[in-house]
Amino acid sequence: MPLLALNGIRKHFGAQRVLDDVSLAVEAGEVVAVIGRSGSGKTTLLRCINGLETIDAGTIVFAGKPLPRGGAELRELRRAIGIVFQSYNLFPHHSVERNITLGPTVTNKLPLAAAKAIAQDVLRQVDLEDKSAAYPAQLSGGQQQRVAIARALAMRPRLMLFDEITSALDPELVGEVVKVLEGLATSGMTMILVTHEMGFARRTADTLVFMHQGKVWEKGPPRELFAAPKTRELASFIRAVLEPND
Amino acid sequence: MSRDFEWAEFLFLLGALRWTIVLSLVAFVGGGVGGMLIALARTSTKALLRGLAAAYVGVLQGTPVLMQLFLAYYGLAVLTGVRLDPWPAVTLAFTLYAAAYLGEIWRGSIEAIPRQQWEAAAALPLSPSAQLRHVILPQAFRIAIPPTVGFLVQLIKGTSVASIIGFVELTRAGQLMVNVTFQPMIVYPLVAVLYFILCWPLSLLALRLERKIDAALGIKRHP
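Taken in sequence, the protein lines are chains A and B.
The first sequence begins at 1 in the working numbering and counts up by one.
The second sequence begins at 1 in the working numbering and counts up by one.
Misleading hints may appear alongside valid ones.
[As the list claims (entries may be wrong)] Far from chain B, some chain A residues (derived; all Cβ distances over 10 Å):
(1) A15
(2) K65
(3) R79
(4) Q120
(5) Q125
(6) D127
(7) G141
(8) E164
(9) E172
(10) P221
(11) A227
(12) L234
(13) S236
[As the list claims (entries may be wrong)] Examples of chain B residues toward chain A, derived with CB under 10 Å:
(14) Q116
(15) H134
(16) K220
[What the hints assert, rightly or not] Simulated restraints, written as ranges between beta carbons of each label pair:
(17) B:S127 <-> A:F226: 42 to 50 Å
(18) A:K65 <-> B:R115: 44 to 52 Å
(19) A:G220 <-> B:L48: 47 to 55 Å
(20) A:T54 <-> B:G218: 30 to 38 Å
(21) A:K219 <-> B:L37: 48 to 56 Å
(22) B:K220 <-> A:A117: 27 to 35 Å
(23) A:T59 <-> B:S127: 19 to 27 Å
(24) B:A192 <-> A:A168: 38 to 46 Å
(25) A:H12 <-> B:W200: 51 to 59 Å
(26) B:G62 <-> A:T54: 52 to 60 Å
(27) A:E129 <-> B:W200: 42 to 50 Å
Derived from the structure by calculation, the hints contain no laboratory data.
Here a beta-carbon is modelled for each residue, glycine too, at the ideal position from N, C-alpha and C.
Just chain B, same shape as in the assembly (with noise of 0.2 Å):
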């Protein structure tokens, strides 16, 4: 017995959607706050923590996300005889793959800012401290846009992945739905459209944020 692809259907999806944006926030916040230390470290002067930062970067990028995502919900299990719901297992795999990546980003956000800005903050003179937040960061983040909604936008989709371990977020739910309705043709490109609808206008934003910064302070990058 199968049923119709009706209203009761689509907010499901739309709960699923829920779900998908509240997973892509929190791997984005705490990756962030995760990358920002990455990108400390890996352009710090000490050289442990660089290859500390450098270590777990290689690990997480050389890996796919969906083994992250298995070790974190059946080998914790395994290792420690702790099981995580799925939503922790998620939450925490996401997390660390996130950090890993705007870690990246943000390091060559970092580096592309000419030594002689360091130079002329440290012969002010800036503390080390004071040279990273009042001179380096604040161009670092005008060249970091870009690449991080990039990022951003892969892992809202990347976090379809979430569903092999039975978390419903948008994806898993519209397989649900097709499983019900015998409808993929409707299902799965309403689906896209959802994510679109999500993606879309962050990459917009993002262009508009980087033109009026660019428009403030008078910088002109397209002859």
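Pulled out of the complex, with its shape left as it was, chain A reads as follows (with noise of 0.2 Å):
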């Protein structure tokens, strides 16, 4: 059984088809790389996923359960389905350990010294251990982003959710975030990623899923898909991406 399946989804934003008829499954462990150009409805999945987005049809199923539309029943779900924003939503108010240990003691009822504990770990695991007593505003935004990778994981997830959560930052920043997302996948986590980095995305996903006006056009290894694009959409898309300036 697979950890999360999407059966038929559907989406509309008034009249405009955001996603249709979108089924996908993941399996335990999976990294699965979401691309496709703007507006095609793949952010719009990712929020779908962990609720921050209602569905108008189908359905989502993770870990066996089908997701609830809101209220206890979804928050006790989304514990299990860490997100990180494209642009970080860290909370200015309260320093990186802060930001970190919310979770764990409001929502997980853990006393402070045990979730200070895995903020520690946390840090570790993206390289900011010596950050914690920093407020975001201090901080660049690679670093900003790796804390709010690592205030996701302090929930200890079965599910990552990453959202082009490198598009906001400057290119020299990009590598360090891509770095802490290759360690994760390499840990066994299992991650859906929206993003741009196709070298990342050929590198380290076990699917590829192309989306293209709502739809999933094309999925499979990202190798085979890179190599030999089915449909125009995806090649015209790869040769866009590969060559922006042609």
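Reassemble the complex: the two chains are provided individually, in unrelated frames, and hints are given to aid placement.
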């Protein structure tokens, strides 16, 4: 049984169809990279998986349970699904450490000392052990994004969602974040990433999903898809991404 | 027979200044509690709560505080037969008035927090009340400092309206002293200075508090 199963997901924003009959199964430990042009529905897809957006039709089943619509049941399920956003969304009024311990102490009711131990642990994982007392505004974009990853990891999730997390970074800062992602993938974390980092997708993802007009247009092992795209749309997308000035 | 403006007269003004402070304080604290409820109701997901709070704010902001004062003092007596003393009447009127304005200021401060902060908190996943308490309200507090202190200063000066129904605060005391000393050019400037001494440090304190918070969080607002 897959850890996550999406079946026939549909989603509209007003008259606009954003997700059109999307189905996808993700096994435990699988790394899925979702690519596609902006407006293809990839971010919306990701946000539906942890209930930040509601779906109009279809089912989302996580760990054998259908995704609840909201309330305490949805909160319960979200504990197992971490998400990292493009714009970091750290809490600017809390220290790095407090950003990370907030979930464990408030949601999981852990004692502060235990939560701090977790914070040290996840900060080590993103190579920022020395920044626990800093505030977000004192960090670079790459550091902030790594803290955001650590914050999500502190909840010990079974699935991690990444929404274009390197897109807002200066080019020289992308590498340090990608390195953390690769470490996570190696550790066996189940991950779904919406990304524009084609190199990363090719190297690290088990499955590449190309979205177009709200549909899963092509899906398969990244090397195969990159080497021999079956559709014109994917071929032209790969060309546009690899040689943006042509 | 007129008196000179001397120590006794000055002490009378100071005694009345105390009532200006007490009235402002009670209205600010009471209005703060009410204002917080209004701000939460205005940003609630429940339409009924939003509507009720909006109606309250609309009425209180749309009518002069003087009329609200008359209604609390004379109107209540006519409608219910219960005649409030000036003190409870002015306290009631200014508290309700402050609640409307603080509620709107704080609603604006809450709404100024980016939607992504709510989402990040919801993803953690904090409960709605924990999202407010740990993520939204502390940030809204920082934003609310300048307009809240601005309103407090307005409120302090605005309590002079209470003199109309005979409540002896600083302005009313000034009028009384002018009546017995015939020295308005001494009394009124002095009254103004006393208001200034009360209000100006508040503005300074607010600015210092803002800077202190920004410095602690490493936030640079001015290039």
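For each hint, the structure was consulted:
no.	hint	in the structure
1	A15	23 Å, holds
2	K65	15 Å, holds
3	R79	6 Å, violated
4	Q120	19 Å, holds
5	Q125	18 Å, holds
6	D127	21 Å, holds
7	G141	14 Å, holds
8	E164	13 Å, holds
9	E172	22 Å, holds
10	P221	30 Å, holds
11	A227	36 Å, holds
12	L234	31 Å, holds
13	S236	32 Å, holds
14	Q116	5 Å, holds
15	H134	6 Å, holds
16	K220	8 Å, holds
17	B:S127 <-> A:F226: 42 to 50 Å	44 Å, holds
18	A:K65 <-> B:R115: 44 to 52 Å	28 Å, violated
19	A:G220 <-> B:L48: 47 to 55 Å	52 Å, holds
20	A:T54 <-> B:G218: 30 to 38 Å	37 Å, holds
21	A:K219 <-> B:L37: 48 to 56 Å	52 Å, holds
22	B:K220 <-> A:A117: 27 to 35 Å	33 Å, holds
23	A:T59 <-> B:S127: 19 to 27 Å	26 Å, holds
24	B:A192 <-> A:A168: 38 to 46 Å	53 Å, violated
25	A:H12 <-> B:W200: 51 to 59 Å	56 Å, holds
26	B:G62 <-> A:T54: 52 to 60 Å	38 Å, violated
27	A:E129 <-> B:W200: 42 to 50 Å	47 Å, holds
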